[in-house]
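Protein chains in written order, with the numbering used here: chain A, 1 to 287; chain B, 288 to 591.
FYI, nobody ran anything at the bench for these hints, they're computed from the structure. Keep in mind that the hints are not guaranteed to be accurate.
[To be verified] Chain A is faced by these chain B residues, among others (derived, beta-carbon under 10 Å):
no., residue
1, PHE329
2, LEU339
3, GLY348
4, LEU361
5, PHE384
6, GLU510
Since this is a predicted model, take the numbers as computed values, not measurements. For every residue, glycine included, the Cβ atom is placed at its ideal position computed from N, Cα and C.
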Amino acid sequence: MTEPSTSASMMHPTPRNDSPAAASAPAQKPSTAIIRKHHLLVRWSHWLNVPILLGLILSGMSIYWASPVYQHNPDPSTGNVDYVADIGTWICAHVPGLHHYSSPPDWIYNHMSLGPYLLANALRVHWFFAYLFMLNGLVYILGLALSGDWRALLPRLTDLRDAAKMQLYYIGKPFAVLLRRTWLHPRFTTKYNALQRVAYFSMPVAACLSIATGWSIHKPMQLHWLAAIFGGYNAARMWHFWLMWLFILFVVPHVVLVLTDGWDTLRSMIAGWSARVHGSEGFENER
Amino acid sequence: MSADENDSQAKQKPEELPSADKRPRPLPKAGRFFEEQTPKIFEAAPRALRRLTRRDLLIFGAGSLGALAGFGYLLPQDTLDRLGVHANLDTPRKERFLNHALSFDDDVAEALYSPNRTVATYSKSQITPLRNNYEGLTPDPSYIPGWRLQLEGLASGLTLSLDLHTLLARFQLHEQITRLVCVEGWSAIAWWSGLKFADLLQAYPPVSQARWASVNSSLNLDEDGNPDPYYASLDLATARHPQTLLATHFNGQSLTVDHGAPLRLLVPVKLGLKNVKAVTKITYTADQPNDYWAERGYSHYDGI
Numbered sequence: 001m002t003e004p005s006t007s008a009s010m011m012h013p014t015p016r017n018d019s020p021a022a023a024s025a026p027a028q029k030p031s032t033a034i035i036r037k038h039h040l041l042v043r044w045s046h047w048l049n050v051p052i053l054l055g056l057i058l059s060g061m062s063i064y065w066a067s068p069v070y071q072h073n074p075d076p077s078t079g080n081v082d083y084v085a086d087i088g089t090w091i092c093a094h095v096p097g098l099h100h101y102s103s104p105p106d107w108i109y110n111h112m113s114l115g116p117y118l119l120a121n122a123l124r125v126h127w128f129f130a131y132l133f134m135l136n137g138l139v140y141i142l143g144l145a146l147s148g149d150w151r152a153l154l155p156r157l158t159d160l161r162d163a164a165k166m167q168l169y170y171i172g173k174p175f176a177v178l179l180r181r182t183w184l185h186p187r188f189t190t191k192y193n194a195l196q197r198v199a200y201f202s203m204p205v206a207a208c209l210s211i212a213t214g215w216s217i218h219k220p221m222q223l224h225w226l227a228a229i230f231g232g233y234n235a236a237r238m239w240h241f242w243l244m245w246l247f248i249l250f251v252v253p254h255v256v257l258v259l260t261d262g263w264d265t266l267r268s269m270i271a272g273w274s275a276r277v278h279g280s281e282g283f284e285n286e287r
Numbered sequence: 288m289s290a291d292e293n294d295s296q297a298k299q300k301p302e303e304l305p306s307a308d309k310r311p312r313p314l315p316k317a318g319r320f321f322e323e324q325t326p327k328i329f330e331a332a333p334r335a336l337r338r339l340t341r342r343d344l345l346i347f348g349a350g351s352l353g354a355l356a357g358f359g360y361l362l363p364q365d366t367l368d369r370l371g372v373h374a375n376l377d378t379p380r381k382e383r384f385l386n387h388a389l390s391f392d393d394d395v396a397e398a399l400y401s402p403n404r405t406v407a408t409y410s411k412s413q414i415t416p417l418r419n420n421y422e423g424l425t426p427d428p429s430y431i432p433g434w435r436l437q438l439e440g441l442a443s444g445l446t447l448s449l450d451l452h453t454l455l456a457r458f459q460l461h462e463q464i465t466r467l468v469c470v471e472g473w474s475a476i477a478w479w480s481g482l483k484f485a486d487l488l489q490a491y492p493p494v495s496q497a498r499w500a501s502v503n504s505s506l507n508l509d510e511d512g513n514p515d516p517y518y519a520s521l522d523l524a525t526a527r528h529p530q531t532l533l534a535t536h537f538n539g540q541s542l543t544v545d546h547g548a549p550l551r552l553l554v555p556v557k558l559g560l561k562n563v564k565a566v567t568k569i570t571y572t573a574d575q576p577n578d579y580w581a582e583r584g585y586s587h588y589d590g591i
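Extracted from the complex, chain A is given alone in its bound form (with noise of 0.2 Å):
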């Protein structure tokens, strides 16, 4: 732990009046202490995944519009029984300007899917992106093993402890600025906290879930056998369409919380590098 942070310190470009090296060589280049943060294997299939998931979730919706899973006894007046309709028909009525949608059992299909009486196409689009879901699966493994990035991802036992630091430290946060008062980031030399470490090793254990649970749905007989893992078939159609807003429920935290850290956070998914050399950069006053 202390031999990289001493030549950290060594080459950071801070100039320093008792450092004889500064002294002695005055023309000093600046430069700029970084780390290499994502494989560039590793990079590109986090950034694929945004089309192939919302293609995934958009002719998933159109497959589950023919046949819900969630279902009730068929309204008397209508003969609907999806519980999505229902959401459908009830944002028409309450959100302003819906009023006169065209058809508001369809809303939510309509808006969160290709459309309904699209099961043919749906399901075709679905293929070819779970298709390559798979294989971009693959080349996030390649990259993470090729890295040694996988290590980062791995729970650890010290997670509980310090999961329950960074819960504390974002419940305290918004009360700290309110009342101008510093509270400290919790401070961390491995790559990810506590609590991005579960929500990163989260979303590899939901794809192979849902890549599961997806294979059993579409073969139910042949992979009797790994539906039979889920609870059968009918259990694994639930699976799968929860796993589906376990990505949504991620995507949206992970975006914003992105974008409040900053240039440094996003520009390393792109280019891979982040000056960032101190792990969860100095909040908590040590140095």
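With the hints as your guide, set chain B onto chain A.
Using the frame of chain A, we list chain B on its own:
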């Protein structure tokens, strides 16, 4: 870096090593492999970093735009219309491209198929209701007494016309409680009995070059009650599967008109849409025959 490597380096250039590295290092532990490594710190000129970032930003930006364009291109025309893109992107090329995805998936399904692997069977307590899934109107049952099964493409060169009595007298009936899975996603566990398709193939062998069966029902109707013949292609490998039946009974009773009286195809290793109701003709062919739903954008093979 292993301890050995350090030693050899130390022997080669001892004078270049900083004093701190001369201290003996602890031997690597087995658990070390899983331990997160401290990142190496590099020095880079800010100008070079800016150039690299600009380059990567442009490459990734171009890649994203390309991916987005490709993604938009693949959307169905109905979706594009709703998004305000009224240019017709439904070109034959796009169709071919997406159909490649479909046929690739069919190839995977065919590779997964094994004539020896049987599907799960259930007990009578697990039976669930099965709806009448006729797309159009359900045919009037008056056809049942005069019903015949026609067989074409036989090795004998004859066209056979069999009635239900002949079939029931000649073939042994088999019972099975299996799941029927619809392409829409719903499924039902039902109790069927009927003759094995494999037995029919043995009794009336098809021409030697036949690889497909075209299973037809001339009794199918559209929503207005007009004749809308239904036909499914079935590869003979699947037709010979031990659980592929020509079912005559449902829940221990003779088939009702809802479920395709008096004889329907029951092929649990395929999607429900291959399970043709009220079969009137089976034709054996060398080439893949037409398929009602494949013509409407669904897959040809439909193996599950």
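(request) Verify the interface restraint on B/GLU510: the C-beta must sit less than 10 Å from at least one C-beta of chain A. (result) Where the cut-off is 10 Å and the nearest Cβ of chain A is about 14 Å from B/GLU510, the hint is violated.
(request) Please verify that hint: B/LEU339, Cβ, nearest Cβ of chain A, below 10 Å or not. (result) holds (6 Å)
(request) Would you settle whether the hint for B/PHE384 is holds or violated, based on the nearest Cβ-Cβ distance to chain A being less than 10 Å? (result) holds (8 Å)
(message) Is the interface hint satisfied for B/PHE329? The criterion is a beta-carbon contact with chain A at less than 10 Å.
(response) Hint on B/PHE329: holds, closest Cβ of chain A at ~5 Å, below 10 Å.
(message) Under 10 Å is the threshold here; is the Cβ of B/GLY348 close enough to any Cβ of chain A for the hint to stand?
(response) holds (9 Å)
(message) Less than 10 Å between beta-carbons is the criterion; does B/LEU361 satisfy it with respect to chain A?
(response) holds (6 Å)
This entry does not satisfy hint 6, going by the numbered hints stated previously; all others are met.
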